[in-house]
Amino acid sequence: MPDPLIQVQSLTTQLGDPSHPLRVVDGLDLHIQAGETFALLGESGCGKSMTALSLMRLLPPSGRIAAGVVRLRDTDLLRLTEAEMRKIRGGRMGMIFQEPQTSLNPVLTVGDQIAEAVRIHEGRSRAQVAGRVVELLRAVGIPDPEQRAKEFPHQLSGGMKQRVMIAMALAGDPELLIADEPTTALDVTIQAQVLRLLKDLQRQTGMAVLLITHDLGVVAETADRLAVMYAGHIVETAPVADFFANPAHPYSRKLLESLPAAEKRSGRLAVIPGRVPRLDAVFHGCRFAERCASVMDVCRTRTPAWLEIANGHGARCFLWDSEVAGEVAKAAETPHGAVGTASLSSATTDAARSDERGAPLLSAQGLQVHFPIHHGVLRRVVGHVRAVDGVSIELREGRTLALVGESGCGKTTAGKGILQLIQPTGGSVRYRDQELIGLSNRRMRPFRKDLQIVFQDPFASMNPRMLVGDVIGEGLQALGIAKRRADRMRRVAELLDLVGMDPEAARRYPHEFSGGQRQRICIARALAVEPRIIVCDEPTSALDVSVQAQILNLLKDLQARLGLAYLFITHDLSVVAYLAHEVAVMYLGRVVERGQVDEILDDPRHPYTSALLSAVPVVEQDKRRNVIRLDGDMPSPSHPPSGCYFHPRCPQSFERCPHSYPEEARLSETRVVSCHLTAETR
Amino acid sequence: MRLDWTLRMASLVLAIWVLCALFAPVVGLHPTKVDLTAILAPPGERSLLGNDDLGRPVLARLLVGARTSLIVGCLVVAVSAAVGTLIGGIAGLSGGWVDALIARVIDLFMAFPGILLAIALAGVMGPGIDNVILALAAVGWVGYARLTRAQVLSLVGRDHVTAARALGRRTAMILLKHLLPLAFAPLLVEATFGVAAAVVAEAGLSFLGLGVQPPDASWGNMVRDGVSYLLVAPHLVIAPGAAIFLVVLSVNLLGDAFRDHLDVRLRVS
Amino acid sequence: MLERLLARLGASLMVVWGVCTLVFLLIHLVPGDPVAVMLGEGARPADQLALRAALGLDRPLAVQYLDYLARLAHLDFGTSLHAQRPVAAVLAERVGPTLQLAIAALTLGIMVAVPMGVLAAQHRGGLIDRGAMGFSMLGAAIPNFWLGPILILVFSLWLGWTPVSGREGAASLILPAVTLGTGLAAILARMVRSSVLEVLGEDYMRTARAKGLSPAAVLWRHALRNAWLPVLTLIGIQFGALLGGAVVTETVFAWPGLGSLLIEAIQTRDYPVVQAAVLLISLSYLAVNTATDLLYVAVDPRVRLGQ
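Quick mapping for you: the protein sequence lines, in order, are chains A, B and C.
With the working numbering applied, the first sequence corresponds to residues 1 to 682, in that order.
With the working numbering applied, the second sequence corresponds to residues 1 to 269, in that order.
With the working numbering applied, the third sequence corresponds to residues 1 to 307, in that order.
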């Protein structure tokens, strides 16, 4: 093996009070070869970002590198003076960050910001710098670079900003690019563009990429090798193909099993019990021992050593230590069995039920929510943001309808419009033959009991000054279901039990709980009034994969037990595949296609649906599709394009598309598409 | 709450202030008793803090002045906060033209620099402690109105308010359970600083001759009277000024600590 | 951008109108009959009648109001009862000294507060920071009418370095400017510190460091370039407190400015002068704030080019 480009040995980084520090990175070893993509994978708080910042020596003021060696070729980075390190930053090592929105200086033009990096590391004349800036912008695929260089960050879209960040990092021709969650803040179609760009640039320049991410799909599609991080150190390192075929560490396995996917829909997702240990503790055994399904006595008393399992594949686990656990390891190698067979029966009832197509519980027809745009001193209305501009859906008892779309497509507004939490400006919402639009607050109250909502951010959706018991009991009190506090608290205890929490939680405040627990509390609050329908607005997108699995399992159980209908608003297609029965795809305020989940996912008819599906990074190699590249970004809902809203970005657009919005075409009893192409071919 | 020595001292100063104000009338002081034999007597000679230009004991006047400043400070804040919170709350909750109108009125009052409007009002209405309170409250309500309005506007959009609406909570209950408890803390911080501002303002108005009138004692008019004898009897200026300074400093320190405490709690959540 | 500038100007004009109206109403707050109050007890009814007619107080309120606005438009503030001269002329000789004092105090305040705030933010939690915040805490608690006499006592009476009061020569400006500037510096230092701290915590500061920029470049090109606009707005707002404080400071030092004029006019019940002084001070504050806001609109690209 050639000498590595960067070699990290027993790196230890601490945060906070030196007498009682958080060991956010604790004895980390890794090496990256020139030109390869190395992914550092882990859930939030595992120390992956702190590792990246340690390599750049850009730690926050309370952080410090306590021990270790970081060698870039022959340079020992931790021994450089700050002035010498500055030459490395943005020179031999570039870095891009998660939030392109806030990572660019708002008062300098993007050209100036790139020029700054060019000047430091190349020091050319003014004209040469300007030329180099344009060259860099062109290299990252920004159209009309001369013009764009003069613009300010807020004039660019999120994807464009991340391209600018990349251009800036490329200015010093880096040997290593550190990308810290570079696409997490971006939509999936934009993510596909940016990942593609990184690959192309890597091929052209031969730089290595250290990709910090929590997304297994992104790792599978872009990385050559990966390391899994848990509680401050690496628990497994492997070539990507080996890892996904044979994950060695129990934590890695659980992570993979907890990923939602279509073929797991008949059963439950694997979950990891407990919480990540506190990093201010001193560990005596394996850090994962308390949560591990294969835990042995030795795991609690001795720290497992690093073990090489195959060429380039290693793990920090006693299961692979032949002396400690010869037989146990082999047993643990086939972890999938238990999950798959769990409930074939439920899959059949699932299929059987999908044939019953009774009257819908709730239906929306041409729902519109337009917000007026005021302007000037007199606050005249000069236009409308057409946040929701014609959404028609049907929701049936005991079923899940996923409302899918990218950010800004109006899916959240549609959900709130259906519940009359935002006043719709047009269309109709019928719940059991009752029109809801236009009902006064008082007349709407009887229906509130049946229609509930769960939000994306479980903490923001709870009043921090209310006890959990009062949060959950709020609906019981407001709707007069349980007027006496004692009755309410009894019911609250039942509800906490129902969502898998200790009834003692009622006496505590929301901030005392983890993200996953908070979301359980919010679900309990919605369940308290015994609703028929729950609108779930991205309820798992703020959570880690393993926690997401718990919530998805819970939602599925509750649906089976209580016959709930879910309107599940999400951007995550793997969750859709796992959970939904029907899917409606939204683009720019309208539903472009809806139908049964397998119809949509296996045979998308609308070009936007196809592009969206193709952009999702997937773990399984055989399931990957050719990414259909969408150019540009979603237009503003205040000025939607003429005709079909999707036509300016549609790879299959033809002469009719700019002229009229396509009518809904019913392809089957369950399937509706709005596309001129479908109408043409029929 | 962090309780280091500065905060302990601040609490001590405020406790003394309040005790003086409460007990000044009952301990038999003679703050207005003229004693021509003690004119401009330095501290320690005839009384602990000396005597003023009419031979009145400075300490006794200081204690009575504490009562004036405490009454004005508390009443001004109480009236301003009550009126301001109500107006700001109405604006934030009702929206539309009501909100637009109130916002304009708030802008209008904010357009007057500092204490100027209070000086003009007190000047026109004539001196007296009641007019001082009226003038300061007429200026003071704006800050609370603006803060309350901003708080309500930012809280109304939060998910837990939306969730409460989805659960069928009535508007009044949402105000009571979700908006006021969360808006209360910042308002309390504002009110704490408001006490300090009112104490300085009252003293300032009295210093200008627009507030409490002689022979009644106020820290402000004590400084005013003492300025003429600055060289021969500096204690006439130093003592009441130091009292104002210590009280204002202590209130501000407590207000700061209170705000930091709230900030930390918000950050944790 | 032009539209935004015009909208901002329009809003300011509305406030100007409101300020004029409030100041007009001020005189009607006088308890009882303002004319009787002005002339004092025992005035002859004929004099009262004459003054009432001279002030126009015998006409309906609406007529008085319209007349008042019309006269304001011609910069006619009426006649001073005390000086028996046009109010405009009385004001004119007092504007200069107040302007001089305000500018001196503002300059002093900014020169102390900005470096102090920036340094404190850079060395957060360190000795400089604690020192600066201690100064800020003390400075904000010292009332002008106390600091002024103490400074006089020390520097004029004991040390004899500066004149006691009045406005003669540059030396006479020092103590009033220090008195007025101290409170401003104290409050401003705190605001500058938190404004810079906020910018230092932004993601783009990390980006700038990740490029390999030197600390000086990071501070000047990235931190201060973002922090100065909010600081400018804060200075504009604090200018109001400065003008209010000027009334007290001018009285302490017998500085012949608008503030001491206001107090004299209140004492002599010269209400036309009171009205005009309040109006002039308020409108100059409004002008300063409008100017900083307009500058914000013109300079910040996010506002200028629309978000």
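There's no promise every hint is true.
Computed, partial: chain A to chain B, Cβ under 7 angstroms [what the hints assert, rightly or not]: (1) 461; (2) 474; (3) 654; (4) 656.
Covered stretches of chain A, as calculated for chain C (at least 3 residues, CB under 8 angstroms) [what the hints assert, rightly or not]: (5) 97-104; (6) 135-147; (7) 161-174; (8) 424-437; (9) 453-459.
These are calculated hints, taken from the structure and not from any lab test.
Ideal Cβ positions, reconstructed from N, Cα and C, are used throughout, including at glycine.
Here is how each hint holds up against the structure:
| no. | hint | verdict |
| --- | --- | --- |
| 1 | 461 | 4 angstroms, holds |
| 2 | 474 | 5 angstroms, holds |
| 3 | 654 | 43 angstroms, violated |
| 4 | 656 | 41 angstroms, violated |
| 5 | 97-104 | holds (count 5) |
| 6 | 135-147 | violated (count 0) |
| 7 | 161-174 | holds (count 5) |
| 8 | 424-437 | violated (count 0) |
| 9 | 453-459 | violated (count 0) |
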